[in-house]
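Asks: The lines below spell out each chain.
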Amino acid sequence: MSQAPLPDVEVEIPPRPEYVGVVRHLMGAVARLGQHSPEFVENAKLAGSEACTNAVELTGRAGADDRVDVSATLLEDRLEIVVSDRGHNAGEAPVIAPTDTPATGFESGLSLPLLEGLVDELSIDAREGGGNVVRMTLVREFEEDVG
Amino acid sequence: MNLDVETGTKDGASVVTLRGEIDVYTAPRLRQTLIDLVEGGATDIVVDMEKVDFLDSTGLGVLVGGLKRVKDREGSMKLVATQDRILKIFDITGLSKVFPIFGSLDKALGS
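Residue numbers (our numbering), protein chains in the order written: chain A, 1 to 147; chain B, 1001 to 1111.
No wet-lab data here; the hints were simulated from the structure.
We put the beta carbon where it would ideally sit given N, CA and C, even for glycine.
Hints may contain errors.
Some but not every residue of chain A turned toward chain B, in silico, with C-beta under 10 angstroms [what the hints assert, rightly or not]:
1) Pro-14
2) Arg-16
3) Gln-35
4) Glu-42
5) Val-56
6) Leu-115
7) Asp-120
8) Leu-122
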């Protein structure tokens, strides 16, 4: 195995919209550490932002104020991002279903198709003790330019 | 993390020029701008996204909401976007078939 030491990042954010951008830029920075292509970096930023937006929305929907946990693990050929919340169970009333979200009034329902189109692996599970865990993996394309 | 929203008129159309990032934090300003325009009587709206650095599903949702509102009043909404990172998001979600997207403001206004 020629696997190099792996930088791991973990951060907790308050479940508020202004912190979603913090995670987005953090995910971009981590992806750049792996010398991934600009497109890969943009995908990582968008995936992290989408998952955190959902976590913030679900936490608000639950009337909770628990922090959202975000971790990123940079592997040789992939980036794994995990976003965990203590919000409303997404399986019961997914924020990713087409609806107007109570908290913002925005048209929604676009997050899941966007995530599915962006990442190579996606899972959304109930979190032990309540809430949700979103796991996403972005795999470097074989022909991807290293920048 | 910021979004500048400027509105103006050109060739009879209401032009919304965006600069910065559109996400769950900044999107409310765009949403309110589009609501104000439609409620103010605008029926021909062009949203210039050439200077947008980031767009997520929340921003897309705001644009969809604006399109619905203006269509309810027999109006139209066009987008200006050429960056791959932005166009890709419309393609993935299928919204590139919903919004008329142009390569320049002049092309959007002349269509």
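Asks: State for each hint whether it applies.
Replies: Status of each hint after checking the structure:
| no. | hint | verdict |
| --- | --- | --- |
| 1 | Pro-14 | violated (12 angstroms) |
| 2 | Arg-16 | holds (8 angstroms) |
| 3 | Gln-35 | violated (19 angstroms) |
| 4 | Glu-42 | holds (5 angstroms) |
| 5 | Val-56 | holds (7 angstroms) |
| 6 | Leu-115 | holds (8 angstroms) |
| 7 | Asp-120 | violated (14 angstroms) |
| 8 | Leu-122 | violated (13 angstroms) |
Hint violations for this structure: numbers 1, 3, 7 and 8, all remaining hints satisfied.
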